[in-house]
Each structure stands twice: as C-alpha cells, then as structure tokens.
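K.L.:
Numbering-wise, the sequence shown is residues 1 to 347 according to full-length UniProt numbering.
Certain hints may be false.
[Unchecked claim] Derived pair list, reagent style BS3-like, types lysine-lysine, alpha-carbon separation capped at 27 Å:
1. K255 to K332
2. K6 to K255
3. K228 to K332
4. K228 to K255
5. K128 to K71
6. K95 to K6
[Said to hold, decoys possible] Derived DEER-like restraints, expressed as beta-carbon distance ranges:
7. G102 to V308: 26 to 32 Å
8. L44 to A170: 32 to 38 Å
9. T9 to L329: 32 to 38 Å
10. T9 to I157: 56 to 62 Å
11. G52 to G289: 35 to 41 Å
Just so you know, the hints here were simulated from the structure itself, not pulled from any lab data. Just so it is clear, the structure is predicted and the values come from calculations on it, not from any experiment. Yeah, the Cβ is synthetic: ideal placement off N, Cα and C, and Gly gets one too.
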Amino acid sequence: MKQDAKTITMNILNGLSVGIIVALVPGAILNAIVKLLLPSFPQLAVVTYMTGAAMTLLPALSAVCVGMLAKFTPIQTSSLALAAIVGAGNYHLTKTGLTVAGTGDVINLAITLAIGYLLIVLLGDALKAYTILLIPSLVLVIAGGIGMLTLGPVSSITKYIGVVVHDVTALQPIVMGVLMGIIFAVLIVSPISTVGIATAISLTGIGAGSANLGIVGAGFALATYGWKANSFGTSLAHFLGSPKMQMANILSRPKLFLPMAINAGILGGIGAALNIQGTPASAGFGFSGLVGPLAALDAMGSVTVGNVLELTLLFFILPIALAYASHVLFTKTLHYQDPEDYALNYN
Numbered sequence: 001m002k003q004d005a006k007t008i009t010m011n012i013l014n015g016l017s018v019g020i021i022v023a024l025v026p027g028a029i030l031n032a033i034v035k036l037l038l039p040s041f042p043q044l045a046v047v048t049y050m051t052g053a054a055m056t057l058l059p060a061l062s063a064v065c066v067g068m069l070a071k072f073t074p075i076q077t078s079s080l081a082l083a084a085i086v087g088a089g090n091y092h093l094t095k096t097g098l099t100v101a102g103t104g105d106v107i108n109l110a111i112t113l114a115i116g117y118l119l120i121v122l123l124g125d126a127l128k129a130y131t132i133l134l135i136p137s138l139v140l141v142i143a144g145g146i147g148m149l150t151l152g153p154v155s156s157i158t159k160y161i162g163v164v165v166h167d168v169t170a171l172q173p174i175v176m177g178v179l180m181g182i183i184f185a186v187l188i189v190s191p192i193s194t195v196g197i198a199t200a201i202s203l204t205g206i207g208a209g210s211a212n213l214g215i216v217g218a219g220f221a222l223a224t225y226g227w228k229a230n231s232f233g234t235s236l237a238h239f240l241g242s243p244k245m246q247m248a249n250i251l252s253r254p255k256l257f258l259p260m261a262i263n264a265g266i267l268g269g270i271g272a273a274l275n276i277q278g279t280p281a282s283a284g285f286g287f288s289g290l291v292g293p294l295a296a297l298d299a300m301g302s303v304t305v306g307n308v309l310e311l312t313l314l315f316f317i318l319p320i321a322l323a324y325a326s327h328v329l330f331t332k333t334l335h336y337q338d339p340e341d342y343a344l345n346y347n
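Sequences and hints are given; from them, build the entire structure.
P.N.:
Listed below in structure tokens is the structure:
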C-alpha cells in the first residue's frame with residue numbers, strides 16, 4: 001500500500017471534514033427548528049436526543065470517511081475508528097463507567113487519525129492471516145494510546161486559541177468581524193475545513209457569526225462572478241451548497257481571492273456591528289441548509305418580524321447587492337477577472 005504524503009494528508013483532511021459535517025449538520029439544522037416548535041410539540045424533544053447522539057459519533061464517522069478515501073479494508077477502517085474514539089477524548093471514565101459527551105477535540109482527533117493511518121500503511125498486508133487478530137489491537141493501543149497522551153496538551157492549546165479569539169473579538173468586534181469574514185472566506189475555497197477549524201477552536205458568538213457571513217459573502221460573490229459561464233443549477237450551488245466547488249479555479253489563479261475577500265470582509269464587519277452571532281457548528285456552513293441564519297436567529301432569543309427582516313437583509317439581500325457591485329467593479333470596469341475564470345464543467 002504505497003501512498004505519498006500529499007495523498008495521505010488530503011485523505012485525512014477531507015475525511016475529517018466530511019465526518020464533521022455529517023455529525024454536526026443534523027443538530028445545526030434541526031435543533032434550531034425544534035427549539036421554536038417545542039412549546040407546541042414537546043414530543044419533538046426526542047430529536048435533540050438524536051442529534052446529540054449523532055454529534056458524539058463524530059470521531060468514528062471521520063475515521064470511516066478517512067478509511068473510505070484511503071481505500072482501506074473494512075478491518076483497517078474499523079480499527080482506525082476505534083483509535084479515533086479513544087483519541088478524540090469525548091469518552092470519559094467515571095466511577096459508574098464510561099460516559100460520552102460532545103464531539104471531542106478535533107485537532108487531537110486529526111493527530112490520532114494520522115498516526116493510525118500511517119500505522120496501517122506501514123503494516124500493509126504484512127500480517128496476512130493474522131490481520132483480523134492484530135490490526136484492531138495494534139491500531140487501538142498505539143494510535144489511540146498516543147492520542148490519549150497528546151489530548152491534554154493539544155486541548156489546552158486549542159482552548160487557549162479559542163479564548164484569545166473570543167477576547168480579541170470582545171475588544172475589537174468590528175475589526176475582528178472583518179478579519180473573521182475574510183479568513184473563513186479564504187478557508188472555504190481551500191482544502192481546509194471551515195467547520196473543522198471553527199469546531200477545533202470552539203468559535204462562538206460574534207466571531208462565529210462573522211465567519212459564517214464571510215462564507216455567505218463568498219458564496220454569493222462566486223456565483224455572480226461566474227454566472228455567465230456556468231449553468232443555473234451550478235451557480236445556485238455556490239451558496240445553497242458550498243463555495244468550495246471553486247477551489248481549483250481560485251487556487252490556480254490566486255488573484256481571484258481579492259474580490260471575494262473584500263465582499264466577505266465587508267459582510268463580516270457589518271455582522272459584527274449588528275451583533276450577529278453563531279456557534280462552532282454554524283460558523284463554517286455559510287448559507288447552506290440555512291444553518292447560519294437559523295443559528296443567528298436562535299442567538300437573538302426570539303422570532304420577531306424585525307429579527308427575520310434583519311437576517312433576510314444580512315444573509316440574502318446584502319450579499320447579492322455586494323456581489324453585483326463587486327462584479328461590476330472587478331469584471332466590467334477594471335477587467336480584473338473574467339466569468340470564464342470561474343467556469344465549472346461537470347460533464
């Protein structure tokens with residue numbers, strides 16, 4: 001089993017991203033809706049139990065996704081999942097037994113997955129008939145054990161980063177709003193998972209809201225820039241799905257980061273000025289699934305006509321207006337870019 005460093009790195013990052021999204025999307029979408037309906041339909045409380053249970057499976061789901069991308073065997077993939085569960089740190093030993101809560105530490109999960117992945121690649125098919133007996137134990141004890149050792153220091157570092165971001169945002173909300181909008185707009189068109197980063201540093205409050213709005217701004221901008229070069233459905237997918245679909249085009253033409261980043265920064269700063277907030281789960285999604293707007297509405301504390309109109313303005317009307325203005329400036333006036341720069345062909 002020969003794989004180069006780039007392939008291994010991308011498999012881990014992409015598998016981790018998919019696992020995070022699958023585990024967190026149900027809670028991000030359904031919990032906000034259920035919270036609004038609970039007073040009239042208390043039976044829906046079971047949905048929050050279901051989404052909570054799904055979140056705790058994030059380490060195992062990520063490991064399975066990594067294993068599938070790496071084309072591991074079922075035994076190897078399952079063994080990687082065992083190590084991931086131990087390394088993520090969301091299982092705790094108490095006097096009454098094991099308890100599980102939350103998603104665990106995403107960065108330490110990535111470290112554990114990397115160690116397990118390398119161990120599986122190293123062993124390959126060398127164990128032959130003893131694979132089913134030895135691989136699960138070796139991966140669990142070695143990769144999972146190292147993950148347990150690194151969990152404390154890594155968790156301390158990620159928590160510190162989260163605290164610094166939170167404190168700086170509290171001191172300079174608009175400046176940080178602009179920066180978070182730009183940073184997450186850039187991340188969304190890179191191989192790095194915005195959801196993974198937001199979850200790893202526990203990005204909350206105004207920082208999360210601005211990060212989400214940055215992605216919203218990027219999605220609408222990219223859809224507008226390439227409107228003439230792409231089909232109607234492909235254009236809509238930039239914000240209904242993910243702007244990440246433009247990753248290859250933008251990474252091959254780095255100058256295309258600029259127009260998109262300006263839109264994202266403006267929207268992120270406006271969101272911070274208006275105290276738009278979010279959660280780690282919503283920060284990296286943008287407009288997709290209405291995760292960002294629903295999280296912002298939930299943070300407002302009540303559903304009023306004014307709140308709904310404000311969010312409609314921020315998450316729909318303003319991004320479209322900014323995207324059109326940016327398109328006129330950078331495409332028609334300055335000739336800085338061309339619609340064909342954003343062409344996507346899925347035939």
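K.L.:
Next, verify each hint and record whether it holds.
P.N.:
Status of the hints after comparison with the structure:
no. : hint                     : in the structure
1   : K255 to K332             : holds (16 Å)
2   : K6 to K255               : holds (24 Å)
3   : K228 to K332             : holds (13 Å)
4   : K228 to K255             : holds (20 Å)
5   : K128 to K71              : holds (17 Å)
6   : K95 to K6                : violated (44 Å)
7   : G102 to V308: 26 to 32 Å : holds (31 Å)
8   : L44 to A170: 32 to 38 Å  : holds (34 Å)
9   : T9 to L329: 32 to 38 Å   : holds (37 Å)
10  : T9 to I157: 56 to 62 Å   : violated (20 Å)
11  : G52 to G289: 35 to 41 Å  : violated (18 Å)
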